[in-house]
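Protein chains in written order, with the working numbering: chain A, 1 to 235; chain B, 1 to 187.
These aren't lab readings, by the way, just hints derived from the structure by calculation. Incorrect hints may have been included.
Derived Cβ-Cβ restraints for the label pairs, each shown as a range [said to hold, decoys possible]:
hint, chain 1, residue 1, chain 2, residue 2, range
1, B, ARG67, A, CYS29, 52 to 58 Å
2, B, LYS96, A, ASP47, 24 to 30 Å
3, B, ARG71, A, GLY162, 24 to 30 Å
Think of the CB as a built atom: it goes at the ideal place given N, C-alpha and C, for glycine as much as any other residue.
Take a look at the letters that make up each chain.
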Amino acid sequence: MNHLSEEQLILHYYGEEGLDSAEAHLDECPDCRAAYHGLQRVLNSLDAAPVPDRGPDYGRQVWQTVRQQAEPRRGWPRSAFLLAVAASVLVGAFLAGSAFERTRTPAPLAVAAVDDLTPRLLRVALDGHLASSLMVLSEIQNAPAGAMDISWQQHNAEQLLGDNRIYKQTAENTQQARVGQLLAGLEEILLEIAHSPTKLDPAQLNSLRARIARKGIVFEIRILAAEPAMEKGIL
Amino acid sequence: MPRVSLIGKMHEIDLTVVSRVQAGEKDAFGLLVERHSQSVFRVAYRITGNESDADEIVQESFLRAYREIHRYESRASFSTWIHTIARNLALDSLRKNKPGAPDLELVSTAPTPERLVTSQLLGERISEAMKQLSPHERVAFTMRHYDGVPLLEIGESLGLSENATKQSIFRAVRKLRRALLPWVTLT
Chain A
1 MNHLSEEQLI LHYYGEEGLD SAEAHLDECP DCRAAYHGLQ RVLNSLDAAP VPDRGPDYGR
61 QVWQTVRQQA EPRRGWPRSA FLLAVAASVL VGAFLAGSAF ERTRTPAPLA VAAVDDLTPR
121 LLRVALDGHL ASSLMVLSEI QNAPAGAMDI SWQQHNAEQL LGDNRIYKQT AENTQQARVG
181 QLLAGLEEIL LEIAHSPTKL DPAQLNSLRA RIARKGIVFE IRILAAEPAM EKGIL
Chain B
1 MPRVSLIGKM HEIDLTVVSR VQAGEKDAFG LLVERHSQSV FRVAYRITGN ESDADEIVQE
61 SFLRAYREIH RYESRASFST WIHTIARNLA LDSLRKNKPG APDLELVSTA PTPERLVTSQ
121 LLGERISEAM KQLSPHERVA FTMRHYDGVP LLEIGESLGL SENATKQSIF RAVRKLRRAL
181 LPWVTLT
C-alpha cells in the first residue's frame, strides 16, 4: 500500500484534488490517518488566531481619510470641497464681521490671519468653476450649424450645477451681489442644458443658443474672469 | 435565505453602488468602504500580522480603488477586487519592510517546553509562526486557508504557476506545522 504524501494530505485538507481516493485510503490506513489528524490539528488551530476588532465606526473613519486624501489630487468630489470652502467663507465672514467689505481698511491682525485663506480659496475655486462653465457654453455656441449631440455638455452641466448652487449661496451670504447675480443666471442656463434633449435638431440648437445669447452670460463670465479678484468684490 | 443567494444579492448591491460612483456620485463610494473595510482589514492583518500596517493597507487599498474605480469591471465582485488590491499591498509591505524567511529553507522554530508551558496566548504563537513564512508563502497560504481562494486563482494573483503556488503553500504548511505542532500536541 502506498501511503499518502504530506503534500497529498495538505491538498486533501484543502479539498483540492483526489478527495475520494484519499478519503478511502485514510479509512484503511492508520498511519496516514494519524498523520492527517496531526495536520488537521495544526491547521485548525490557525482558525483560532484572533484578529483585532476595529469597532463599528471603522468604515466611516477609513472613508473620511480616503476622501481627504483623494480630493486634493483629483479635485473631486468638488461639491464636498466647495462645501468646505463655503463653510470656511462663512466662518471667516462671521469672525471678520464685514471684512469682505472692509478689505481696503486694515483689519485687526488676528482677524486678518484667520480670514486670509478664505478669499483665496474662493477665488481659485470660482475661477475654475467659471472656466468649466464657459467651456460648456462655448461648445454649444461655437458648434457647427445643424444637429448636435450635447451628452458631454449635459453631463458637465449636471456636475457644475451642484457647485454653482453652493457658490451662489456663498456669494449671497457674503453680500457679493454681482457674483451672486451672475451665478443665478448661469444656474438657469445650466439647468436648461441639463434638461434639454440629448440630441438637438438644428431648430432646438438655435433656440438654445439664442437663450444663452439673450442672457449675455458668456460675456459676463469672460468679463468677471478677466478681472482681478479685488474688482470682482471677492478680495 | 440561502447563503449563495445572499452573497449574490450583496454582489448585486455592490455593483449598483459602483455604477453610481462611476457615474459621478463619488460619495457613494463611502458605502463600499463601510461595507468592506472590516474584511479588508482582516485580509491585511492576517498577512502582515501588524495592526498599524494593516490599517495603512486598508486606507491605501480603498484610496487606490477610489481613484481607479473607472477600471473596475463587474467580472469579479467588488469584494474580490478590493481584497486583491489589499493582498498586493500587503505583499509589497512584507517585501519592503519585513522580509520573511527564504522561500526554500525551513527555519527551526521549535520552542522550548518551558516557553510552551508559559505561553498563554494562541494568537501570539500563531503570529510568531506566520513570521517564519516568506512573503509569497504568507500571501498564498492566507488566501488558501483563510479566504478559500482556489490554487489557480492564487497563482494568477501572484503571478505564479499552479505548481509554484502549491509549493509555496506546502512550504508554508511545513513551517507552520513545525512551529505549532509541539504546542498543539501539548494543549
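Do the hints match the structure? See the list:
1. B:ARG67 <-> A:CYS29: 52 to 58 Å: Cβ of B:ARG67 to Cβ of A:CYS29: about 55 Å, so the range 52 to 58 Å holds.
2. B:LYS96 <-> A:ASP47: 24 to 30 Å: Holds - the Cβ-Cβ distance for B:LYS96 and A:ASP47, about 29 Å, lies within 24 to 30 Å.
3. B:ARG71 <-> A:GLY162: 24 to 30 Å: Cβ of B:ARG71 to Cβ of A:GLY162: about 25 Å, so the range 24 to 30 Å holds.
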